[in-house]
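Here's the letter readout for the chains.
2 protein chains.
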Amino acid sequence: MFKINDNYLKLPGSYLFSTIGKKVKAFQEANPDKEIIRLGIGDVTQPLAPAIIERLHAAVSEMGVQETFKGYAPDLGYEFLRSAIVENDYKARGVDISIDEVFVSDGAKCDSGNIQEIFALGNKIAVCDPVYPVYVDSNVMAGRTGTYDAATGLWSDVIYMPCKEENGFAPELPDVVPDIIYLCFPNNPTGATITKDQLQKWVDYANANHSVIIYDAAYEAYISEANVPHTIYECDGAKTCAIELRSFSKNAGFTGTRLGFTVIPKDLKDADGVALNALWARRHGTKYNGAPYIVQAAGAEVYSKAGKEQTAKQIAYYMNNAKYIYSGLKDAGYSVSGGVNAPYIWLKTPDNMTSWDFFDYLLEKANVVGTPGSGFGPSGEGYFRLTAFGTYENTVKAVDRIKAL
Amino acid sequence: MFKINDNYLKLPGSYLFSTIGKKVKAFQEANPDKEIIRLGIGDVTQPLAPAIIERLHAAVSEMGVQETFKGYAPDLGYEFLRSAIVENDYKARGVDISIDEVFVSDGAKCDSGNIQEIFALGNKIAVCDPVYPVYVDSNVMAGRTGTYDAATGLWSDVIYMPCKEENGFAPELPDVVPDIIYLCFPNNPTGATITKDQLQKWVDYANANHSVIIYDAAYEAYISEANVPHTIYECDGAKTCAIELRSFSKNAGFTGTRLGFTVIPKDLKDADGVALNALWARRHGTKYNGAPYIVQAAGAEVYSKAGKEQTAKQIAYYMNNAKYIYSGLKDAGYSVSGGVNAPYIWLKTPDNMTSWDFFDYLLEKANVVGTPGSGFGPSGEGYFRLTAFGTYENTVKAVDRIKAL
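Protein chains in written order, with the numbering used here: chain U, 1 to 405; chain Z, 1 to 405.
Excised from the complex, chain U in its bound form (with noise of 0.2 Å):
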């Protein structure tokens, strides 16, 4: 007789999104004359660049044709793309890292909720709060995180580092020791993000302490200050404790197109010496089977010249998006963060309003879809996060109308 994996079933709700959109279909059911804007899950609305188009087009082509045609990818990615990475994510910052740290794969979804396979069950891990749920849940199902307690929405196993108003969103040091530890900067949800001294603060405590750094990198593209680090292996050390996950999603609006990547540097070994990099290896080439070419080649292309100024272009349009948010809802009295270096603009509800009350009044009210903070942890509650990632059209739409309330 067989049985399920019981852990699911300790996994409280369905996925944040999901119940998101069950709420907004149903809101446009019973309102159908009604002009929802969706600022709510991060997803880009401006299409792949011309370059990108022109590259797809060729690679499609050559799948046409006999003598170009390709068959199952390399285990790791194509070369080209690797290549394409090494340089321009890496060298280009004086960071080395080789072909062979790098694992191409069908986004950083993917990779951020089975990279935890690769450590065994009994791993303490650490997240920020807000966070991600893909960090916490994917543990969750692996039978990582304890029992799960409704009145706190806290994981018994789990070392939540809180992150609020009160220490800028950036977390701070655990007391406890955990031996994985979550990080995302530029933040989601909140949009925040930490200095390259800051950053390095934590690449020593991982080193002196045997922890590993699971690096999210998705949002590096948005990053418009100095001293703001794009990888973390600009930060001395990192090479022996963090592992980078990176993303074509938000850069270049492959969320419907999916590609991503993951680094794992060789040096990065356990107390035994077993080398992630080699684990991972395994991992991607048993349960894996690559990204399409034609995706490949099109992320290739974001590195090309017309690639990188286009995706630029389109950068600098959901930023300025995020700039328009964030002082209109300044200008209308909300407490704001994030939107510099991040396209998330991280809220206070007002009147102590509870994320979901300010979700259902947002919805019903402006017709606006964001993301109710506490979906992200329960230090999100009473926070709210719109993403800049709407049309311009839109975007100055939602703001007038939230403005107007």
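Hints may contain errors.
Treat identical chains as interchangeable: a pair holds within one or across any two.
Claimed, not checked - With a Cα cut of at most 25 Å, we get these calculated DSS-like pairs of lysine-lysine:
1. 10 to 124
2. 10 to 266
3. 397 to 323
4. 266 to 22
5. 266 to 25
6. 34 to 365
7. 266 to 3
8. 201 to 3
9. 323 to 25
10. 164 to 196
11. 269 to 3
Derived from the structure by calculation, the hints contain no laboratory data.
Fit chain Z to the supplied structure of chain U, relying on the hints for placement.
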């Protein structure tokens, strides 16, 4: 101090096809003038069909225009694709599967590796021997297989169902009842099939014992005989005991394009009434982010009139290769099977050679790459797999070289 998942260290050697790749690379480097023909890994060689290429181009163009741009896909996959699957793969065969029982993914390898996650670690798995390595390896990584005996090549906690010449390469119902039964028909690697009546016995056995069958039907398109089932749901009662894995890799040449799907009927429940469909939906929503829109669009085109005609021609092309290999080797005195309802030919090595000795022999003397049967499990020892996925020209050349040995 972090600790690794030391189940990974139990895995003997590297993934089969990585090992073959390295051996072939070394041989080619040592013999740059030799023209190697690859009939090893089951990778297709025919370009994508014209109708699919056309749809891909159209979908790429949609991604370049704001109005038709697509971001994140729906959790389970686009409805247009799931409807086409339900209509063509199931309804057309008299099987009633609903679209929310279909989960679109980036391929059957990932699904067959990930599906074990929704089951408890204590479940006992049964596999055919020989078997597609991913079923076993993914369970090893999860810690479900006990200890490995290098002398026998067997895991202590796995139930093996030998498939050899004596039983027509069809597994027999095991004495010890497994919780999870992996079946793959048409079979990889042996190319064998079982009839609908034979499969019905497995379904009845699973229902009687409350076991779950993970049915890999990736090679379904190659079935040429009438009494061989195309889906396990042709059998009565399969919806309460079976998960089906399907792929676009072999029926439409998507090995480098990446698309597959898993069917989990809502009636499939554990003893406490928990539906596996809901668990997989949760995993899909939490740890996966959908196949690319352009690839899902291309997948739907496989079911169009032109798509069906063109992919049928590709399959006929490969099956003509299979026939050539089968009869050529038979003429040369080899004992061969498979190749009738599957693109794989399974041959007995001559003179009691081991599978790897025959691999080396064929590589060195005929410059032909095949797959050692022992790489698929101990009962594969003394056997060897050749695939029909090469070009016709290369297939003829390879067979003629083997005949000339």
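Practice prompt. Up to 25 Å between alpha-carbons, please classify residue 266 paired with residue 25: within, between, both or neither.
Written response: between (47 Å within a copy, 23 Å between copies)
Practice prompt. Pop the pair residue 323 and residue 25 into one bin, within, between, both or neither, using alpha-carbon distances up to 25 Å.
Written response: neither (29 Å within a copy, 54 Å between copies)
Worksheet entry | 25 Å Cα threshold - placement of residue 22 relative to residue 266 | Result: close only across copies, 20 Å inter versus 43 Å intra.
Worksheet item: When no copy is specified for residue 10 and residue 124, does a C-alpha distance of 25 Å or less occur within a copy, between copies, both, or neither?
Response: Result: close both inside a copy and across copies, 18 Å intra and 23 Å inter.
Worksheet item: How would you label the pair residue 34, residue 365 (within, between, both, or neither) given a Cα cut-off of 25 Å?
Response: within (10 Å within a copy, 73 Å between copies)
Worksheet entry | Within, between, both or neither, where residue 266 and residue 3 count as close if Cα-Cα is 25 Å or less | between (38 Å within a copy, 16 Å between copies)
Worksheet entry | Alpha-carbon proximity context of residue 201 and residue 3, limit 25 Å | The answer is between: 22 Å across copies meets 25 Å, while 44 Å in one copy does not.
Discussion item. Treating 25 Å as the Cα threshold, decide for residue 269 and residue 3: within, between, both or neither.
Written reply: Between. Shortest inter-copy distance 10 Å satisfies the 25 Å Cα cut-off; intra-copy 35 Å does not.
Practice prompt. Give the relationship of residue 10 and residue 266 under a CA distance limit of 25 Å: within one copy only, between copies only, both, or neither.
Written response: between (35 Å within a copy, 20 Å between copies)
Item to complete: Go through the copies and call it for residue 164 and residue 196: within, between, both or neither, with a Cα cutoff of 25 Å.
Response: Within one copy only: 20 Å inside, 61 Å across.
Discussion item. Regarding residue 397 and residue 323, is the shortest C-alpha distance of 25 Å or less found within a copy, between copies, in both, or in neither?
Written reply: Within. Shortest intra-copy distance 14 Å satisfies the 25 Å Cα cut-off; inter-copy 65 Å does not.
The structure is inconsistent with hint 9 alone, although it conforms to all the rest.
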